[in-house]
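Residue-level listing of the chains:
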Amino acid sequence: MTSVSVSGTAVSSRAASGRGGRRLRRVSRKAALNLAGLLVALFALFPVLWMISTAFKPANELYSLTPHPIPLHPTLANFRNVFSGSVIGMSYWNFLKNSLFVTLVAVALSSLIGLLAAIALGRFKFRFRTTYLIVLLIVQLLPQQALVVSLFIDFRKFSLLDSLVGLIVVYAAFALPVTIWMLRNFAATVPKDLEEAAAIDGAGAWTRFWRILLPLISPGLVSTSVFAFIFAYNEFVFALTFLGTDTAKFTLPLYVQYFFGQNSTDWGAIMASSTLFTIPVLAFFLVTQRRLASGLVAGAVKG
Amino acid sequence: MVTSSQSRPGTPSPAGSTPQGQEPDGSRNPAGRSVSPTSHRSVQQRAASWIRKRGAGPYLLLLPATAVIGALIIWPAVQVGLFSFQNYGLMQISGVQPTQWIGFSNYSQILHDPEFWKSLKTSVYFALVVVPLTLIVGTLVGLLLVRLGPKMRTFVSVSALLAWATPAVSASVIFVWLVDPDGGVVDWALAKLPSWLGGGAHWAQFSWTNATLPAYTVLTVMLVWTGFPFIAVTVLAGLRTLPTELLEAARVDGAGPWRVFWKVTFPILRPVFLVLALLSTIWDFGMFTQAYIVTGDLGNRDEYNLGLYEYSQAFTQPPHYGLASAAAFVLTIILLIVTVGYVRAAVKQGSLA
Chain V
1 MTSVSVSGTA
11 VSSRAASGRG
21 GRRLRRVSRK
31 AALNLAGLLV
41 ALFALFPVLW
51 MISTAFKPAN
61 ELYSLTPHPI
71 PLHPTLANFR
81 NVFSGSVIGM
91 SYWNFLKNSL
101 FVTLVAVALS
111 SLIGLLAAIA
121 LGRFKFRFRT
131 TYLIVLLIVQ
141 LLPQQALVVS
151 LFIDFRKFSL
161 LDSLVGLIVV
171 YAAFALPVTI
181 WMLRNFAATV
191 PKDLEEAAAI
201 DGAGAWTRFW
211 RILLPLISPG
221 LVSTSVFAFI
231 FAYNEFVFAL
241 TFLGTDTAKF
251 TLPLYVQYFF
261 GQNSTDWGAI
271 MASSTLFTIP
281 VLAFFLVTQR
291 RLASGLVAGA
301 VKG
Chain G
1001 MVTSSQSRPG
1011 TPSPAGSTPQ
1021 GQEPDGSRNP
1031 AGRSVSPTSH
1041 RSVQQRAASW
1051 IRKRGAGPYL
1061 LLLPATAVIG
1071 ALIIWPAVQV
1081 GLFSFQNYGL
1091 MQISGVQPTQ
1101 WIGFSNYSQI
1111 LHDPEFWKSL
1121 KTSVYFALVV
1131 VPLTLIVGTL
1141 VGLLLVRLGP
1151 KMRTFVSVSA
1161 LLAWATPAVS
1171 ASVIFVWLVD
1181 PDGGVVDWAL
1191 AKLPSWLGGG
1201 AHWAQFSWTN
1211 ATLPAYTVLT
1221 VMLVWTGFPF
1231 IAVTVLAGLR
1241 TLPTELLEAA
1251 RVDGAGPWRV
1261 FWKVTFPILR
1271 PVFLVLALLS
1281 TIWDFGMFTQ
1291 AYIVTGDLGN
1301 RDEYNLGLYE
1311 YSQAFTQPPH
1321 YGLASAAAFV
1331 LTIILLIVTV
1341 GYVRAAVKQG
1351 SLA
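Chains as they are written, first to last, in my numbering: chain V, 1 to 303; chain G, 1001 to 1353.
No lab work stands behind these hints, which were simulated from the structure alone.
Treat the hints with care, since some could be wrong.
What the hints assert, rightly or not - Below, simulated DSS-like cross-link-like pairs (lysine-lysine); rule was C-alpha separation at most 30 Å, straight line: (1) LYS1348/G <-> LYS125/V; (2) LYS1263/G <-> LYS30/V; (3) LYS1151/G <-> LYS30/V; (4) LYS1348/G <-> LYS192/V; (5) LYS97/V <-> LYS157/V; (6) LYS192/V <-> LYS125/V; (7) LYS1348/G <-> LYS1263/G.
To be verified - Sample of chain G residues lacking proximity to chain V, with all beta carbon distances greater than 12 Å (derived): (8) TRP1101; (9) LEU1111; (10) ASP1113; (11) TYR1125; (12) LEU1128; (13) SER1195; (14) LEU1197; (15) GLY1198; (16) VAL1264; (17) ARG1301; (18) PRO1318.
Fair warning: this is a prediction, and the values are worked out from it, not measured in the lab.
By construction, the Cβ of each residue, glycine as well, lies at the ideal position given by its N, Cα and C atoms.
My request is simple: use the sequences and hints to build the entire structure.
And the structure:
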């Protein structure tokens, strides 16, 4: 009797210690994973955080023997420098205005044209449909620095150099393949029955478009617009080539690069200009990222 | 569908085909039709029915996109091919002399240029290092993300995607600052590092951007930094489609994480990895903006990759558009070969359905 009970408690206590050990191992495994996650986040965020911190540093802290992650005496002097336009003679606002104008018009154009094409590819069966999609896929990956030579010569003929209009046209065109490719999936998922039911109820094609197709595609339109926005706002090669001499027309990426070239040692001001260029697009991305996650995976985007 | 015909009148010519257009239409839209008697149909309606009868709707909808893409992407690509056989230079662009067809002499000129071969080699080596590195880092982070709790997973993936969304110009300027010989944090940290980790005082004021190898080391870290989030998020999405029973079964059979990955996860996700590898190759081989800024605005000819070499032929004085086009054509062909692989992989994956 006694021996049995003793062995019974022995078994249960061993089981308990085993469970505790497993829990301990699980907790420490979880801690290790979370630590690794934090390190990855730090690696990803470090350059951007360092940029922001540098932008607030006074000149004497930039070249101190021990760089501090957080400015000891934060200053707005660098930003004042950027806003006052001491380099090109024009303030940051001018370039933000150029960038927003070019980007927003290009996004609107490519969304409109892309929507029509996406409806064709997503809701109709026709010859060459697959061919068209394959061509889009290829065209999207052509190297821009190769095409820019040819576009430069054409644009020179049509006096579209040193012109924001020329840039808008190019951005709208280069955002199109991805826009169509992604929107097509959204257009295809709107059920045909819904449209047919509306047709039976007497809705004309125009009404069906406005009342059924457009509202159901609009979430897709939002995500393609975000991608087109990020592409056009960040674009460098075409801006560099087409806006070569006219500094007043510079978009923000070109302005930051120019600022960097002119002020090569004033890192506080360079980082301030870069912060003012980067933060809007990152903030925009943070606000819209929930919608983007699926699109990002669905269509491989970014050039 | 009719919308497009109304927004661009005149594109189809309804006059020539009215005979067929007057018959009652197919049953797709009976209600709209019965309202107006056939004899009083407007031009718009006749055009609409013509379009529907011929199945022209999708083609009309595609017209604007095709025109824009054709004129601004496909035509320039073709034109690059044409220019590469012409003596297009300063005299020709200013209209002093007409262009002449000169056969393959642009090609033979760049193929005999040691700088061309050096830049090609730089691009190839760079892609050979960065693509696997990005894939490895991205996959490891993807495998980490799937094991994290939901909150932590969101935090890490959003942080990582911020690196992905950072503009190339900003990233380049930031990295040049990070490795600055005078105030840069990288040289400072390397000088503090114990010598058995490769650190030491010789790193103080080390200049990263004045020679090819250090400059492309910086570019490697930068492109891994920009590229890994996309890989990680895509791998994460792939991992979440894996049947958990399969992974459980492998684990119960005593397979360690290494074996589980190579025997179960990788074979199932192989198409995803293929697509990611091909896309990364296209992006990294074709890198331009980052190389342009880090190597100093075309100032260091030694540090050119193929893209910079090609661009400098056209946009440093005096311009050689013909030579640049030949180099651009070589660059495009190399990338097209990778792209064909990508398209085949994408078609196999069923993304054209």
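Satisfaction of hint between LYS157/V and LYS97/V, Cα-Cα up to 30 Å: Holds - the C-alpha atoms of LYS157/V and LYS97/V are around 27 Å apart, at most 30 Å.
Is ARG1301/G truly not at the interface, in the sense that its beta carbon sits beyond 12 Å from all beta carbons of chain V? Holds: least Cβ distance 17 Å, greater than 12 Å.
LYS1151/G and LYS30/V were given as a pair; does the straight-line alpha-carbon distance stay at or below 30 Å? Measuring from Cα to Cα gives roughly 13 Å; hence the hint holds.
For SER1195/G, which was marked as not at the interface, is the minimum beta-carbon distance to chain V over 12 Å? Nearest chain V Cβ is 20 Å from SER1195/G, so the label holds.
Least C-beta distance between LEU1197/G and chain V, which was stated to exceed 12 Å: Given that every Cβ of chain V is farther than 12 Å from that of LEU1197/G, nearest at about 17 Å, it holds.
Beyond 12 Å from each Cβ of chain V, as asserted for VAL1264/G: holds (20 Å)
Mind verifying the non-interface call on TRP1101/G? Its CB should be farther than 12 Å from each CB in chain V. The claim stands: TRP1101/G keeps its Cβ more than 12 Å from every Cβ of chain V (closest is about 16 Å).
Below or equal to 30 Å on CA atoms is what counts here, so check LYS1348/G against LYS192/V. holds (27 Å)
Distance restraint between LYS1263/G and LYS30/V, which requires alpha-carbon spacing of 30 Å or less: Holds: LYS1263/G and LYS30/V sit about 25 Å apart, inside 30 Å.
May I ask you to check that PRO1318/G keeps its beta-carbon over 12 Å from the closest beta-carbon of chain V? The claim holds: PRO1318/G sits with its nearest Cβ about 15 Å from chain V, beyond 12 Å.
Does LYS1263/G sit within 30 Å of LYS1348/G, going by the straight-line distance between their CA atoms? The given pair, whose Cα atoms are some 22 Å apart, holds under the 30 Å limit.
LYS1348/G and LYS125/V: Cα distance at most 30 Å? holds (20 Å)
Checked against the numbered hints given earlier, the structure satisfies every one of them.
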